[in-house]
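With these hints in hand, go ahead and build the complete structure from the sequences.
Residues per chain are reported as follows:
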Amino acid sequence: MARRKQRRKEGKVAIPTASMSDIAFLLLIFFMVSTTFRKEVGLKVILPEARATEKLTRTRDISHVYIGKDGKISVDDKIVSPDILKIAYARKVEEKPELIVSIKADKNVKYDYIDKVIEALREAKALRVVFATNYKK
Amino acid sequence: MGVLPKRKPPEEAEIPTASMADIAFLLIIFFMVTTVFARDKGLKMLLPEKQSETVKIKSKKIIDISINDAGQIFFNDTPVQNQMELKQKIEEEIKKDPKKIVLIKTNVEAPYNRMIEVLDIVKQLKVKAVALKSIRPEG
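Chains as they are written, first to last, in this note's numbering: chain X, 1 to 137; chain Y, 1 to 139.
I should point out that these hints are in silico values taken from the structure, not numbers from a laboratory.
Take these hints with a grain of salt, some might be off.
Stated by the list, open to error - Okay, the calculated beta carbon distance ranges per label pair: (1) 99(Y) <-> 87(X): 35 to 43 Å; (2) 84(Y) <-> 27(X): 20 to 28 Å; (3) 61(Y) <-> 27(X): 50 to 58 Å; (4) 97(Y) <-> 98(X): 31 to 39 Å.
Even for Gly, the Cβ is constructed at its ideal location relative to N, Cα and C.
Here's what the structure looks like:
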């Protein structure tokens, strides 16, 4: 009995903390690499709400088109006309065929502007489109 | 002057690494707290390609929903009071023939919100295909 007690004292149990910083930095670097930063500021829009809202997983392939309350169209923080939008997206699709265009339009905007943007995107062959919405409660 | 004081052997310089883990975790926690998750979400659509010839579909196969300039919704030319009614009507049509296609015609003066409301209803039901069209007064 006495012997057993002694053995316990000798083998002090310690969690190895030397590699802890490596683990932490690895995590840090992983998160830094996997994060995509929002490139543009965009316009201030109130998105419409929909129950069928789906999450988008392929964040890297998404490009945003903002349509403000007054019908302004913003791409990469530049106010553009539908014609310029068409040219810009034709080039983008050429670079990245799997491009997804997220249309972030204000809910009170006239459908006219949406239609013009959709038409321009169709002509630019940017066919994968998402109407950005928020979840409806 | 004659006797220089004997120099001590230089101590080995060491960077203390014991607190490195704390620093790294602190950074992680800082970034976690300051990050705002802006996940993109919305209603997915695949636009039709621009083609020289148009695909003709029998009008029997089409569920016609239109939105006028005041935002009033019409189902096959009859006005619809609320969204529930519209949903029921579409559901009935789909039950009769699951191959039916929904056509949403929106007046250019109508608010975008209305069109999304209709598209939302259509998306909730399992509809084979959705088509979008705009109505321009001048034709």
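Hint check results:
Distance hint for residue 99(Y) and residue 87(X): a CB-CB separation of about 38 Å, consistent with the stated range 35 to 43 Å. Evaluation of the 20 to 28 Å hint for residue 84(Y) and residue 27(X) yields a failure: the beta carbon distance comes to about 49 Å. Distance hint check for residue 61(Y) and residue 27(X): the Cβ-Cβ separation is about 54 Å, which falls inside the suggested range of 50 to 58 Å. Range check, residue 97(Y) to residue 98(X): Cβ separation about 34 Å, and the 31 to 39 Å hint holds.
Hint 2 from the earlier list is the only one contradicted by this structure; the remaining hints agree with it.
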